[in-house]
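Enquirer: The listed protein sequences derive, respectively, from chains A and U.
Per my numbering, the first sequence starts with residue 333, numbered consecutively.
Per my numbering, the second sequence starts with residue 333, numbered consecutively.
Possibly wrong hints are sitting among the right ones.
The list treats identical chains as interchangeable, and a pair is accepted whether it falls inside one copy or across any two copies.
List time: in silico DSS-like cross-link candidates among lysine-lysine, alpha-carbon distance up to 27 Å [as the list claims (entries may be wrong)]:
| id | residue 1 | residue 2 |
| --- | --- | --- |
| 1 | Lys653 | Lys377 |
| 2 | Lys679 | Lys694 |
| 3 | Lys694 | Lys652 |
| 4 | Lys363 | Lys652 |
| 5 | Lys653 | Lys466 |
| 6 | Lys645 | Lys466 |
| 7 | Lys439 | Lys520 |
| 8 | Lys363 | Lys653 |
| 9 | Lys357 | Lys653 |
| 10 | Lys679 | Lys695 |
| 11 | Lys695 | Lys439 |
| 12 | Lys377 | Lys439 |
| 13 | Lys377 | Lys652 |
| 14 | Lys357 | Lys466 |
| 15 | Lys679 | Lys377 |
| 16 | Lys439 | Lys457 |
| 17 | Lys645 | Lys377 |
| 18 | Lys475 | Lys442 |
| 19 | Lys679 | Lys363 |
| 20 | Lys679 | Lys357 |
| 21 | Lys357 | Lys475 |
No lab work stands behind these hints: they were computed from the structure.
There are 2 protein chains.
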Amino acid sequence: MHNRIYNFSAGPAVLPEGVLEEAQKDLLSLKGLGMSVMEISHRCKAADEIFATTDANLRRLLRLGDNYKILWLGGGASQQFSMVPMNLLRGEGRSADYILTGSWGEKAIKEAKKEGTARAIWTGKAENFVRVPKPEELNFDPKAVYVHYTSNETIQGVQFEAEPDAGGIPLVCDASSDILSRPIDASKYGLIYAGAQKNMGPAGLTVVIIREDLLPLCGENLPSMLSYRVHAENNSVYNTPPVFAIYILMLVTRWLIEIIGGLEPMAAINKRKSQLLYDAIDSSGGFYRGHSDPSCRSAMNVTWRLPSEDLEKEFVAEAKKYSMDGLKGHRSVGGIRASIYNAMPEKGVETLRDFMKDFASKKG
Amino acid sequence: MHNRIYNFSAGPAVLPEGVLEEAQKDLLSLKGLGMSVMEISHRCKAADEIFATTDANLRRLLRLGDNYKILWLGGGASQQFSMVPMNLLRGEGRSADYILTGSWGEKAIKEAKKEGTARAIWTGKAENFVRVPKPEELNFDPKAVYVHYTSNETIQGVQFEAEPDAGGIPLVCDASSDILSRPIDASKYGLIYAGAQKNMGPAGLTVVIIREDLLPLCGENLPSMLSYRVHAENNSVYNTPPVFAIYILMLVTRWLIEIIGGLEPMAAINKRKSQLLYDAIDSSGGFYRGHSDPSCRSAMNVTWRLPSEDLEKEFVAEAKKYSMDGLKGHRSVGGIRASIYNAMPEKGVETLRDFMKDFASKKG
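Chain A with its partners taken away, still in its complex shape (with noise of 0.2 Å):
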């Protein structure tokens, strides 16, 4: 008995507990070597067996086709922010197209101005970062060198449903909070790029998937462990790379591959989990108001208001007792804020959802 708690934390969050079961296992040796994974060289047999399986798997449930290089990376995401641009914004007369549907989206874009010109295409700012833009509202330059977006804002629960048509410029897509939750039409991106810490493992590893063609925009002169180019060309070997991270990200794709079936059952478990929550918030009687407008539901973190925030509290405090972890908003928007990832069983979402409407019908 492990007497494990529901811990809808936005990141680092929960894993699939097989996952951590098979680490625990293993922790001392893995699978007869004698030693960790945390202690072999990164250079070894067995080092190279783990990254191999990881980038097979990853290739395998985004159906990436073989002109995509897939790196392993540290910084997390908001080291992407900055990394994008010094790779790919750098030159005469390049710039790029920002859509901003959430606080990552803003943070990407002041970062990429240090690097070059960044044009925010569309805010939902004024809207309070309630909506992602409708087709007609984008106006994309066509001589942008990408399109940058973020698929789901974890802070304020705004997803896409699909991939913005940008006619053929290539997408550059910050997925750390949606990444494997569903398939993707992976032939529309340029570059992917994800923290670990929300589907895919724990926090320390930055997965960056990069279109071959896009390499050569990557200047001669940067700080090499700054350069998608040298890593793509070093195999992610460049330097050591965060070889436990990689190695619980092989497990996680492998419980999604062999234990879920894919990305098309993931996605609907998470569209059926989400639901739960929505139609909790939509049977509440206004007791809880959602954030985000309808047609954009993350389905990966719900974030909704209760009537005052002395009640937000007391709701945060008594799901404790219930053995719910990590439902508190964000300090930036407040409220409540369920993150609900792939690891997230059903049984924690209807935990959830029972309790909502029990507590509505108390205070409501």
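Go by the hints and put chain U onto chain A.
Expert: This is chain U only, laid out in the frame that chain A set:
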């Protein structure tokens, strides 16, 4: 029974078995928390305690004054090769002095030159990096912003006995492969950086210790994730740090304090361990030839050659049969390298020493 082998890898490297056992025990639920340390938010109380304890332990072990900040970063020491000059060297009239005693120092200055004026004031390259400079060989620029050196060159096995005397110019030290292996005079340093994966924990964490008076040198418009100032102002939680790796470092520092008794006894053990191997080299009648000058021999990475490359291959292959792995020298220098960091048990070094004697008597 774990059937653990003796792992002489240069990094990632062996960790204390007690640390791995504790991490294993708590992997699914940290001390009654109901969540794995891989799953907890970096802003929760449990994470705060991990960061604070690790910070306090490092301060105690390294005798750091209150005027130092400890930062938890990603990207490895290689990223620091760029971050150090990006932060400290950009600015009118600034330059830095570099002492090159091996491969890593060479990489460091190469990246520094992309960012500003970096001067190699001494290099051991012509002598094949077998020693550190004598004090009289060092002509510092008294106006240098910092003096960079590599306290232990992992590839060559060349170590400074003590900090070079730079006459008050702040030392910037890449201590990746000997941090926490012996006491240091912290007051001499402006900045110490080290990848965790040798003496501290798993790959994916880089510890940066910076003296606060250097922070104003860091430019205002740096990418946020590459600014020491931003990380220092945000107590290393500007974004999500590698929580799990910091947790392992907490356990390692606790092991150093509680089991080993601090850095003095650790240094004595390390001296004793390395002496076993250097004695085996010196008493082999020339069968084994040490790489480094005896005055600069590393207590962490013992490097030597055999009479032929074939014998070196045989040595490595044969050692594997006796449960010793990771002995192949770095591809750039060849030969044998035994990395015997803090966590390598004396028994492991004795086993290697006995094997060396046996192998020499059979093949010599």
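Enquirer: Does each hint hold? Answer for all of them.
Expert: Hint by hint, here is what the structure shows:
no. : hint             : in the structure
1   : Lys653 to Lys377 : between (47 Å within a copy, 17 Å between copies)
2   : Lys679 to Lys694 : within (23 Å within a copy, 65 Å between copies)
3   : Lys694 to Lys652 : within (17 Å within a copy, 67 Å between copies)
4   : Lys363 to Lys652 : between (38 Å within a copy, 17 Å between copies)
5   : Lys653 to Lys466 : neither (42 Å within a copy, 65 Å between copies)
6   : Lys645 to Lys466 : neither (35 Å within a copy, 64 Å between copies)
7   : Lys439 to Lys520 : within (23 Å within a copy, 37 Å between copies)
8   : Lys363 to Lys653 : between (39 Å within a copy, 18 Å between copies)
9   : Lys357 to Lys653 : between (30 Å within a copy, 25 Å between copies)
10  : Lys679 to Lys695 : within (24 Å within a copy, 65 Å between copies)
11  : Lys695 to Lys439 : neither (37 Å within a copy, 63 Å between copies)
12  : Lys377 to Lys439 : between (39 Å within a copy, 26 Å between copies)
13  : Lys377 to Lys652 : between (45 Å within a copy, 14 Å between copies)
14  : Lys357 to Lys466 : neither (49 Å within a copy, 50 Å between copies)
15  : Lys679 to Lys377 : between (39 Å within a copy, 26 Å between copies)
16  : Lys439 to Lys457 : within (13 Å within a copy, 44 Å between copies)
17  : Lys645 to Lys377 : between (51 Å within a copy, 17 Å between copies)
18  : Lys475 to Lys442 : within (21 Å within a copy, 35 Å between copies)
19  : Lys679 to Lys363 : between (32 Å within a copy, 24 Å between copies)
20  : Lys679 to Lys357 : both (25 Å within a copy, 25 Å between copies)
21  : Lys357 to Lys475 : neither (53 Å within a copy, 55 Å between copies)
Hint violations for this structure: numbers 5, 6, 11, 14 and 21, all remaining hints satisfied.
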